[in-house]
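A.B. asks: Just so you know, the sequences run in chain order A and B. Residues in the first sequence are numbered consecutively from 0, following numbering that gives the first Met the number 0. Residues in the second sequence are numbered consecutively from 0, following numbering that gives the first Met the number 0.
Because the hints were derived from the structure by calculation, they are not lab data. As the structure is a prediction and not an experimental result, all values here were calculated from the model. Be aware that a few hints might be false.
[Claimed, not checked] Simulated crosslink set (DSSO-like; lysine-lysine; CA at most 30 Å straight-line):
1) LYS338(B) with LYS12(B)
2) LYS2(B) with LYS63(B)
3) LYS178(A) with LYS102(B)
4) LYS338(B) with LYS5(A)
5) LYS178(A) with LYS266(A)
6) LYS266(A) with LYS12(B)
7) LYS338(B) with LYS326(A)
8) LYS338(B) with LYS2(A)
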Amino acid sequence: MLKQWKRLKERITPTDIVMWVIGGAILALIIWGSTATIAAGRYSSHHWFDFIIFGLAQGSIYALIAMGYTLVYGVLRMINFAHSEVFMSGPYTAYYVAAAFYSSGFLDRQPIICLVVIFLVAMTTSTLIAFLLERVAYRPLRTAPRLIPLITAIGASFFLQYTFRGLYGSGFQAYPVVKMMEGQIVFGEFRILRIHAVVIVAAALLLVALYSFIQRTRVGKAIRAVSEDKEASLLMGINIDRMISTTFVIGGMAAGAAGVLYALMFKQVHFFMGFIPGIKAFTAAVLGGIGNIPGAMLGGIFLGLVESIGPSLFLDGLGIVAPYQLKDAIAFTMLVLVLIFRPTGILGERLAVKKA
Amino acid sequence: MKKIYSIIEQGIKIGLIGGVSAVLLALIGMVEAFSQRDIISNVISMGHTLLLLVAVFMGYLAAKRTTRTEPLWTLVNSFISGLMVGGLVALLVMVGSLINLRKVFVNAMPVLYELLTFQQRTQIGVFLLLGAGALSGALAGLFFLSPKLIRRMLILPLTGIVGAGVLQDMLRPTFALWGPIAIINEWLFTANGLTLYGAISLFIVIAAIIYFWARKGSAVRTGLQRLSPASQRVLRITSFLLLFIILVALPQVLGIFLSEVLTIVGLYVLLGLGLNIVVGYAGLLDLGYVAFFAIGSYTAAILTSPELGFFHFSFWSALPIAIIMGIISGVLLGIPVLKMRGDYLAIATLGFGEIIRILVLSDFLRPWLGGAQGVGKIPKASIGSFEFGRPQEIYYLILAGCLLVIFISIRLRDSRMGRAWMAMREDEDVAQAMGINLVATKLLAFATGAGFSALSGAIFASKLSSVYPHSFNVMISINIICLIIVGGMGSIPGVIVGSIALVGLPELLREFAEYRLLVYGAALVAMMLLKPEGLWPAEIRRRELHEGGSKTTEEVLPTEGGPSSHE
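Working from the sequences, and respecting the hints, build out all of it.
C.D. replies: Below, the structure is given as structure tokens:
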């Protein structure tokens, strides 16, 4: 007994204790805030339902973007900082198609066809940008030390942002309203904004499709093999260059689709629109355990939910003014909290510590 | 036929790339915006120079890539690539004259086409464009074929002329300060661009210097090496003294605008040196470094500003407290991330940086931190009756800070702790096995970096007299990381060179604000592709990267955990 206690004492360092104290304090604060909020009863179940639906919609968009980050991280072990610009380029380009459809009245007559075309244009653009990005900026740097592709990615991100700003102008463009997606769906007592339902369903379909593509097809298998061990997969006859390109293409497609969903939900596009969702999605990917595909989905949805529910649930009860301003702080606190207790993310055990 | 194609294939490919870039440059509005400014007055505008540079560069590249050794084929290749560049731009003009591209591309205005066709009708303009492209391509080919001395005697003077033209707004008022030398202005500049004879004489002067240096330069260098050790030391000390005198005299000579730029560069040098310890020495990728800058600024602001009215410290008594706060927060934020590695560490620190910024911005902490409006009325630093108010005076404060931090950095680098940091950077597990206390080593790196950053922050607060949360976003952290890498990781002169290149130059080009970040991004990518070790790399790192030089070009696979990968 005494011996075991001694061994335990040796294993626990002062920093561990500090970390637990910090983590415990934050947890206590969260629980206290939540109970106070619920006890005060300022929000009805309708409010909570709305928060959850909004969180799910936003979270599924994050999840789609996070797929791109995590897939690329898997094969290249790099943070593709320019992924947020891949995300932006699609819907921004598709805006011009959408606006043309809208002004000709075609959007109201044939909304389905129009949406399909808009999605196709956005996905094609994003895919093209992602493909070129890998070809021009990352491929020559495969063997470089890790920080160098990171800087290249940052540079490419600036370059793309300001190229699109130069091409399309620096103003906000209002995305045309699709009449079909206005209004609410009523389930008994609860109502969902139609656009939220569309976003959730579309993103879920895409996520399932992506996941089964990675898990079931030969190409998906090859991508997984490349992220597991490049040399061995080369020996197995996998064309690594092509697989890395494919990974970027898949990530670009997901980002383009996510971009249109984002634009439909928030109804505007801008050359800087990728930055915040990009950082959030990357956070989501890390939260779930970077390199892990289900982890990215889970992380995205978790982050979306925390952002939408967190401010009212945790902070309102503590009597904090304007809690909604702190939603990003909550999201990042969650991230730090998760990383303190699980340094490799929620589902991150597949990538051992030494690889990350 | 096929054989000929295989020879000119490079020319066509490179020409296509160049043509697409030229069209892109035109469509994003750079050509148009730059055309308002002449390089040489009434001879060539910056916009045309830009397009010309694309054609020339592509022609040079095509010449370089030519597989056949005959000079004829080289010329043909460069000619073709230049023609392609001109051709694609001409295509843009033709398409633009038929379809209104403005609906999508905001910059496809009639003015642009006028510029591209040299104010001629479309039909004539297209041929002019083709001719100009082909001519510049062919000239680039000739340039490639000419001997090295002539190439240098052409390229450096031309760079000088373009540089003088681009920076004319900076140079003119500066020269005007210099009393008798102000005559240069009349000789060199007009209200818009260089004078023609000024440009020619500038060309001749620079070319002559290069010619002289090529003839006598090696003699001078060997002469210096032959000096006795004692006199070499004297020489070194004199050159240090000279450098110091130049540094002290700089703001008096340069005038207010350039001094302002210098102070900004100096602040980034301080920040960069701090982060250099965390990233460059200890290999801990910290993306939330701006948090400590914010903590330093806000501590100084709260302690000194009468607007909040909590304390009425002077700058000098607030400074050490700000630094101590920075160090404490460095340790506090360091503890939770001790076990994280690589990208997890990066994103967690990024999270910390954002949390701090959001907290400062929030209404919740407004009574204490001023919220979105920030804190104002921060007093300036002063010694006796000398107040560090204008940029020229603050410069000395920052210079003193930089010299101090450079000294500490050098001493730390060569200390036992510095070696422990570098060991940890190379391999954490091995370092631990060698008896390095990882916890203490990491925390000390975070604390030192944070202390430097807080120092910079306190000076920043007193320089601006006010602090706003918007000054502390994540882009600052990213900018600092970039300048460290571009300068050369772990290298102290590298940080200085990096700050000048990534902070100073963009500040100078503020006129072209819209395209500043675009060029910045492109330059970062190009830099990493061409010179990944940085502008002024640390000796060790230079050797590391060149050791693997032959391997990197041939091997397809990335090496995991090689000697230079920082995990």
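A.B. asks: Report the numbers of all earlier hints that the structure fails to satisfy, in ascending order.
C.D. replies: 1, 6
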